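A.B. asks: Take the given structure of chain A and dock chain B to it, following the hints.
Residue numbers (the numbering used here), protein chains in the order written: chain A, 1 to 309; chain B, 1 to 256.
Some clues are possibly wrong.
Every beta carbon over 12 Å from chain B, so not counted as near; a handful from chain A, in silico [claimed, not checked]:
1) Asp-143
2) Ala-223
3) Pro-296
Which chain A residues face chain B? A few, computed with CB under 8 Å, are given here [to be verified]:
4) Ala-67
5) Gly-88
6) Val-97
7) Ser-98
8) Arg-104
9) Tyr-108
10) Glu-151
11) Ala-153
12) Gly-157
13) Lys-158
14) Phe-305
15) Gly-309
Straight-line Cα separation of at most 27 Å, BS3-like style, residue types lysine-lysine; simulated pairs [said to hold, decoys possible]:
16) Lys-69/A x Lys-49/A
17) Lys-190/B x Lys-289/A
18) Lys-299/A x Lys-289/A
19) Lys-289/A x Lys-158/A
20) Lys-190/B x Lys-299/A
21) Lys-158/A x Lys-49/A
To be clear, the hints were calculated from the coordinates, so they are not data collected in a lab. Please read these numbers as outputs of a predicted model, since none were measured by experiment. Virtual Cβ for every residue (Gly too), placed ideally from N, Cα, C.
Listed here are the chains, written in short residue letters.
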Amino acid sequence: MSRSNDAKDPRERRTSRRGFLKGAGAGLATLAAAPSQVSAFDFESFFQKHFRELSPAEIDEYLERLARKLREQTGKDVQMRATGPVDGVVFGYGLDVSRCIGCRRCVYACVEENNQSRDPQIQWIRVLEFERERVTRGFDLEDGDAYYDREMAPAEGKVYLPISCQHCEDSPCTNVCPTGATWTEPDGIVVIDYDWCIGCRYCMAACPYGARIFNWGEPNLPAEDVNPDMHVLGNRPRTRGVVEKCSFCIQRVRDGRYPACLEACPVGARKFGNLLDPDSEIRYLLEHKRTFVLKPELKTRPKFFYFYG
Amino acid sequence: MDHLAPDRLSELGRDGSVSRISSIGIAGGAGHSGCSTALRLQTDERGDVTAPDGNRVDSPSPRQPVLWLVVGAVITGLVIFQAMYLTLGPQPASGYASRELPPQPEPVLLASAEPDEDYYPCSDCHEDEPTDRTVRALEDEHDELELAHGGLWCLHCHEADDRDLLHLADGIQVGFDESWRLCTQCHGEKLQDWRAGVHGKRVGHWWGPKQYQTCVTCHRPHEPRFAPIEAMPPPLRPDPARHVAAHVEEAHEPIE
Chain A
1 MSRSNDAKDP RERRTSRRGF LKGAGAGLAT LAAAPSQVSA FDFESFFQKH
51 FRELSPAEID EYLERLARKL REQTGKDVQM RATGPVDGVV FGYGLDVSRC
101 IGCRRCVYAC VEENNQSRDP QIQWIRVLEF ERERVTRGFD LEDGDAYYDR
151 EMAPAEGKVY LPISCQHCED SPCTNVCPTG ATWTEPDGIV VIDYDWCIGC
201 RYCMAACPYG ARIFNWGEPN LPAEDVNPDM HVLGNRPRTR GVVEKCSFCI
251 QRVRDGRYPA CLEACPVGAR KFGNLLDPDS EIRYLLEHKR TFVLKPELKT
301 RPKFFYFYG
Chain B
1 MDHLAPDRLS ELGRDGSVSR ISSIGIAGGA GHSGCSTALR LQTDERGDVT
51 APDGNRVDSP SPRQPVLWLV VGAVITGLVI FQAMYLTLGP QPASGYASRE
101 LPPQPEPVLL ASAEPDEDYY PCSDCHEDEP TDRTVRALED EHDELELAHG
151 GLWCLHCHEA DDRDLLHLAD GIQVGFDESW RLCTQCHGEK LQDWRAGVHG
201 KRVGHWWGPK QYQTCVTCHR PHEPRFAPIE AMPPPLRPDP ARHVAAHVEE
251 AHEPIE
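Bound conformation, chain B alone:
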């Protein structure tokens, strides 16, 4: 047990009889009362034990039975305490070996959302179509799209000259697989959180290979707000009648 510092040990251990007592006290883990009783005895040059008031203690003397009775009681008490402590007291974990973390690999992209197969590649239709740049409600095609994204219009994001690409605000063309670059032009703080792994979902390992997702895996770009999804059933309420029935059944089982 390491409950007492070594200097305390040396303080106690100058004299044979005292150190015998103190060693039990230390082994007991909390023998402060025992140690203080023992410390009240002091050792002179000849090795005789004296009481704090200077009177020589004739040891072992039949004239001081009470003192030795007390010392004996303290020793017995400490032994019992130690036995209880070893049996009941908290024990350090001994079964664990020391483990270290392996190096952390970079996160990898979980399968990105595929472009809509009904429409992509866009150039199949738009190749031969003239481009009408006026902002309008779509009626012939794409009329199922609900545009609810901050008043954006198709060509704010889609590239008019190459329909299979998107473009950033400064005109740089990006592919559909890099659409997150487009989103984060406005949602910069989300980009920071996403890079740190706090916005969006990651799966795999908190330490080890992990997969992340891009914006469009979860958000619909034309209508980014999450739609409600199916809720799972609530927990069962405690049912007193059922519990009573179970206990009655249980109570009668062994007698029959």
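Extracted from the complex, chain A is given alone in its bound form:
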């Protein structure tokens, strides 16, 4: 018994040594093949300072570099901006659950506006379909079906709940980010610095709404579909290995415009405005309508409000 064990051990060791050498050989081969990829390596973006540490002059330089690269890649007149927040503005979103018909026009308007990857497919908005009977005591997100496939919307006896980033006041995703790559702006928008995201996906685990999407593969966006109006913290094209999500269309709303999903909605179910302005549309619906937020028990305090119009 012990003899056979003694005889076996050195053989095992030999095997593992051979395995090691094989692995090392493969590693060296990878290194040898690496230069073709290194040529595409961008030292400047690798050593890019965190967005919030940049001075105005550095931001200009940064934007110009990003825009130049994208102009070469897409052949479009890319305008890269870093428009800042406006004083006295905190954004809020309202969605009329009683009106949404689940047609998914918002989803595709968002994809076009925000330069989401077409293949692999990335969508920032998910529309969940529920049985009307099952939501009489509120929406349990586990009951929702995001993959419903229908020719016409709405289907009989169904209700719909589109979900994207809730832009929480106490956002779990920003709290767990180890590099500070995601944070809440002064106007309440939760943004991501794609150069500082290391792809650890802690934020995705932390987000109770499943609003964050990871780029598992190299994003694929045809040059003719690129929206050239870009914000550095919003819809500029992402790379593999970073997390992305809804930014309230930061490139639009910081210029006073409505988000793209709102303008695409055929039934006018989507509302947007300044929570600090008592005359805004969002304040009106908060004060006059029955509203709710998703998973209030988690105390994330979303700024995305659902209401019954």
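C.D. replies: Just chain B, lined up with the frame of chain A:
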């Protein structure tokens, strides 16, 4: 760094050696432990440092190496902490200039729905027709209209004496372009929401020029309930086989 209030600064800064320590602690942003160690030393009138129990500390004295070792360790720790804090800690946004909102203009009407060209102007036909006011099913003309609006009949809204106009409940005549006045006689709460921009769709700017629409842009007056519209395709389901294939391809690429 503004982590400590000025009064705290003055409290710490009476004595040269102590203030030197405390200033590092403040610069470090969280040097509370360092400050409390430093505060345990007190300064008497002659400027000599005494320990809290009243014993005079002979400084700098070779007989108290442990104390100075501790102070040195604290200073070193704070310097390291400050270096880490400055490198890794959150930084305020410096790249943003302060911006203010421009004045808000009034919403403007987006192109209103045009009256049906097949029929309008109504007077073309109805001018010479006698008016039959009896409520009946329409058979010769307008028979394609599905009247599904709370049991209303044509002349509840259309003006019998001038067919190119509508009329309110109190007989006031309104044009087709003001049909929302007619609708909101019954749907008053919708009027309030619509004026506030919460019922109906607005496009343009949340702050700035925006366009609104009237009732009949979206609702068919004779059959106001929305008809279902075409749904867009669902998202692709995650496909494990496809993912595995992609990774295999990727893993083999650099070796070849």
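A.B. asks: If a hint holds in the structure, say so; if it does not, say that too.
C.D. replies: Taking the hints in turn, this is what the structure says about them:
1. Asp-143: holds, 17 Å
2. Ala-223: holds, 22 Å
3. Pro-296: holds, 22 Å
4. Ala-67: Hint on Ala-67/A: violated, closest Cβ of chain B at ~16 Å, above 8 Å.
5. Gly-88: Since the shortest Cβ distance to chain B is 7 Å, the answer is holds.
6. Val-97: violated, 13 Å
7. Ser-98: It is violated, given that the least Cβ distance between Ser-98/A and chain B is near 11 Å, above 8 Å.
8. Arg-104: holds, 4 Å
9. Tyr-108: Because about 6 Å separates Tyr-108/A from the closest Cβ in chain B, which is inside the 8 Å limit, the hint holds.
10. Glu-151: holds, 6 Å
11. Ala-153: Holds - the Cβ of Ala-153/A comes within 8 Å of chain B, reaching about 4 Å at its closest.
12. Gly-157: violated, 13 Å
13. Lys-158: violated, 11 Å
14. Phe-305: Violated. Min distance 12 Å.
15. Gly-309: OK, holds: Gly-309/A within 8 Å of chain B, min 6 Å.
16. Lys-69/A x Lys-49/A: holds, 18 Å
17. Lys-190/B x Lys-289/A: Holds, at roughly 12 Å.
18. Lys-299/A x Lys-289/A: holds, 21 Å
19. Lys-289/A x Lys-158/A: Holds, at about 22 Å.
20. Lys-190/B x Lys-299/A: Not satisfied, since the Cα-Cα distance of roughly 33 Å exceeds 27 Å.
21. Lys-158/A x Lys-49/A: Given pair Lys-158/A, Lys-49/A is violated - Cα atoms ~48 Å apart, limit 27 Å.
Checked against the numbered hints above, the structure violates hints 4, 6, 7, 12, 13, 14, 20 and 21; every other hint is satisfied.
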